[in-house]
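Throw the hints in and build the complete structure from the sequences for me.
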Amino acid sequence: MSRIQSTRFGVAGIAAALIALSAAPAFAQAAAAPAKIDAADTAFLLSATGLVLMMSIPGLALFYCGMVRKKNVLATMAQTFAAVALGSLVWMAVGYSLAFTGDGALIGTLDRIFLKGMTMESIHPAAKTIPESVFMIYQMTFAIITVALVAGSVADRMRFSAFVWFVVGWLILVYAPIAHWVWGGGFLAGAGVIDFAGGLVVHLNCGIAGLVACYVIGVRRGYGSENLAPFNLSLAVIGTGLLWVGWFGFNGGSALAAGSRAGYAVVATHLAACAGVCTWMLIEWWDRGKPSVLGMISGAIAGLGTITPASGFVLPWHGVVIGIAAGGICYWACVKLKQALGYDDSLDVFGVHGVGGATGTILVGVFAVAAIGETKGLLEGNAGQVLTQLYGVGVTLAWAAIGTFVLLKVIGFFLPLRVRDEDERIGLDLTQHGEQLQ
Amino acid sequence: MKLVTAIIKPFKLDEVRDALTAIGVHGMTVSEVKGYGRQKGHTEIYRGAEYAVNFLPKLKIEVGVPDDMEDKVVAAIVNSAKTGQIGDGKIFVSNVGHAVRIRTGETDNDAL
Chain A
0 MSRIQSTRFG VAGIAAALIA LSAAPAFAQA AAAPAKIDAA DTAFLLSATG LVLMMSIPGL
60 ALFYCGMVRK KNVLATMAQT FAAVALGSLV WMAVGYSLAF TGDGALIGTL DRIFLKGMTM
120 ESIHPAAKTI PESVFMIYQM TFAIITVALV AGSVADRMRF SAFVWFVVGW LILVYAPIAH
180 WVWGGGFLAG AGVIDFAGGL VVHLNCGIAG LVACYVIGVR RGYGSENLAP FNLSLAVIGT
240 GLLWVGWFGF NGGSALAAGS RAGYAVVATH LAACAGVCTW MLIEWWDRGK PSVLGMISGA
300 IAGLGTITPA SGFVLPWHGV VIGIAAGGIC YWACVKLKQA LGYDDSLDVF GVHGVGGATG
360 TILVGVFAVA AIGETKGLLE GNAGQVLTQL YGVGVTLAWA AIGTFVLLKV IGFFLPLRVR
420 DEDERIGLDL TQHGEQLQ
Chain B
0 MKLVTAIIKP FKLDEVRDAL TAIGVHGMTV SEVKGYGRQK GHTEIYRGAE YAVNFLPKLK
60 IEVGVPDDME DKVVAAIVNS AKTGQIGDGK IFVSNVGHAV RIRTGETDND AL
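If you read the sequences in order, they're chains A and B. First residue of the first sequence? That's 0 in numbering that gives the first Met the number 0, and the numbers climb one at a time after it. First residue of the second sequence? That's 0 in numbering that gives the first Met the number 0, and the numbers climb one at a time after it.
Just so you know, these hints were derived from the structure itself, not from any lab. We put the beta carbon where it would ideally sit given N, CA and C, even for glycine. The reader is advised that the hints may include incorrect statements.
No more than 16 Å apart at the CA atoms, straight line, and that leaves these computed lysine to aspartate or glutamate pairs for EDC-like [as the list claims (entries may be wrong)]:
no.	chain 1	residue 1	chain 2	residue 2
1	B	K59	B	E14
2	A	K289	B	D13
3	A	K69	A	E225
4	A	K335	B	E14
5	A	K289	B	E43
6	B	K8	B	E31
7	B	K59	B	D13
8	B	K81	B	D13
9	B	K89	B	E61
Per label pair, the in silico range of CB-to-CB distance [stated by the list, open to error]:
no.	chain 1	residue 1	chain 2	residue 2	range
10	B	E31	A	F80	29 to 37 Å
11	A	Q437	B	N108	56 to 64 Å
12	B	T103	A	V292	49 to 57 Å
And the structure:
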C-alpha cells in the first residue's frame, strides 16, 4: 500500500491497540514505543478532511456550475450536493468496509458495515497514529468527490433521479473495489502499484467513468451547432481556487501523518498546479491567439490531478515537470482528442482527470525517489516500476469502464438516464428541481 | 407625434441622455437588445470549442416627441451617439397615432 510505506507505520497492530488505551505522554517517549494516537497527526488529518470536503462543496460545485449554461446551474450544483450527502451515507453503510477492511485481493469485508466495531480506541492498520474515525471520514471525502466529478461529463442532460442511483451504485460497484485494490491491501498494492493520493482511485477512475457515461447518455442537444458557452466563468475561477487550496489536504493529508512527507507532497502539488497553469496558458496563447481564463484554470486542475499519484513520492522539480506534462497532454486531450472522436464530455472530466490521472500514475513510476516514498522509479534504476504503474492504469481503466457501463445499463433499464428533449431545451434547473436563476 | 427609436452602443447612453435632456426631452425608455448590422460579431473559444457570437449587445432608446421636435431629437442622438466607428447604430422614426398619460388621462402631445 503506497500510502503506508513510511517506516513509522511498520509496527504490529496488536501493540498499537494496547498502547492506544494509555494516554500518558511518558509512554510515547519510550524508545521502541509502538504506535499510538498522535495529537499532531490527528489534528492534521482532521484539518485535511475539512479541506477535502471543501473541495466538493463549494469548490467543485462552483467550478462545475460556472462552466454550464445558466439554465443548468442549480442542477449541476445539486449533483455535487447529492454526491456529498448520499455518498457519505453509502460510505458509512458499506463503502468504507468494502474498501478498507480485511486483506482480500479483490474486495474488503463487511466487518465495518454501518461502522460496526469502530470504537474510540480503534485504528486502521494503514494509519496507526490517528483514530479510525478520522481515517474513515478522511477516506469518505475522497469517495464523494470522485463520484461528484463524474457528473461533469454528463452535465446539462442527465436526469437527477438517475444520478442519485448512480451515486449509490457506483461507489459500491466501482469506487470501493478500486480503492481496496490500491489502498486497502488488494492485488494492485500487492503488485507494487503506487498511487499516493488517487491518480488511479480518484482521477483515472472518474475520468473513465465520465467518458463511458457521456457515450452511454449521448451528446448534448445542439452540441457542435449551438452556442454552449459557460454561464459565468468567474464562479469556475473561485471554484478552482477552493479546489487548489483543498488539494493541499487531499495530497498532503495522504501522508496520513503530519511530517516531512506531507510537506513534500504539498510542495510538489503546488508547483505542479503552477506549471500546469503556465503550460496550458502558453500553448493556448500560441495555438489560439489568446490565453483564456478557462484555459488557465483547466491547466491548474490538470496539474493538480496529475501530480496526485506522484506527490509524496517525488522531489519538487519533478512536480514542475509533471505539471508541464499535465498542461500539454490534457490540453491536447480536451481540445484535439475530444473533437477528433466526437464524444461530448461536457466539462472535460476525461480530458483533465482521466488523462491527467493516467499520466501522473505512469510518471511517478519514472520519478519516484526512495528517500521520500521508499519506492525507486526509473530514474533511480527501477525501470520495472513504470510497467507496474502501467498495469495499475490498465486494471483501473478496465474496471471503471466495465463497471460504469454495466451500472448505467442497469439503471437505464428501470428509468431514463437522460431528461426529455423538451426538458433539456428548457433547462434542468426548472425541469428537475423546479427552480431557476433569475 | 413621432416615435424615435435609436439603437446605440451601450456606453453612449449617458451622452445621449444628456443631449436629449438639454433640448427638452423629459423621458425615454431604454432596453438592452442584441442585434447585428455591418459590424461583425466575434468568436469565443472554450477549451477548443468555438462559438461565433453574431449578435452584439446594444441599447434601444425609445422617445415619443411632438412632430416639430423630430429633427432636433434625431440630430441630438446622432451627435451624441456617434463614434465614427462601424457599429454606431441606427435611428428609426415612425408616426404615432395616439398617446395617453396613464396617471392623468391626458392625451397626445399633452401626454408626451
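Inset, instruction - Give me the numbers of the hints this structure contradicts, sorted from smallest to largest. - result: 2, 4, 11
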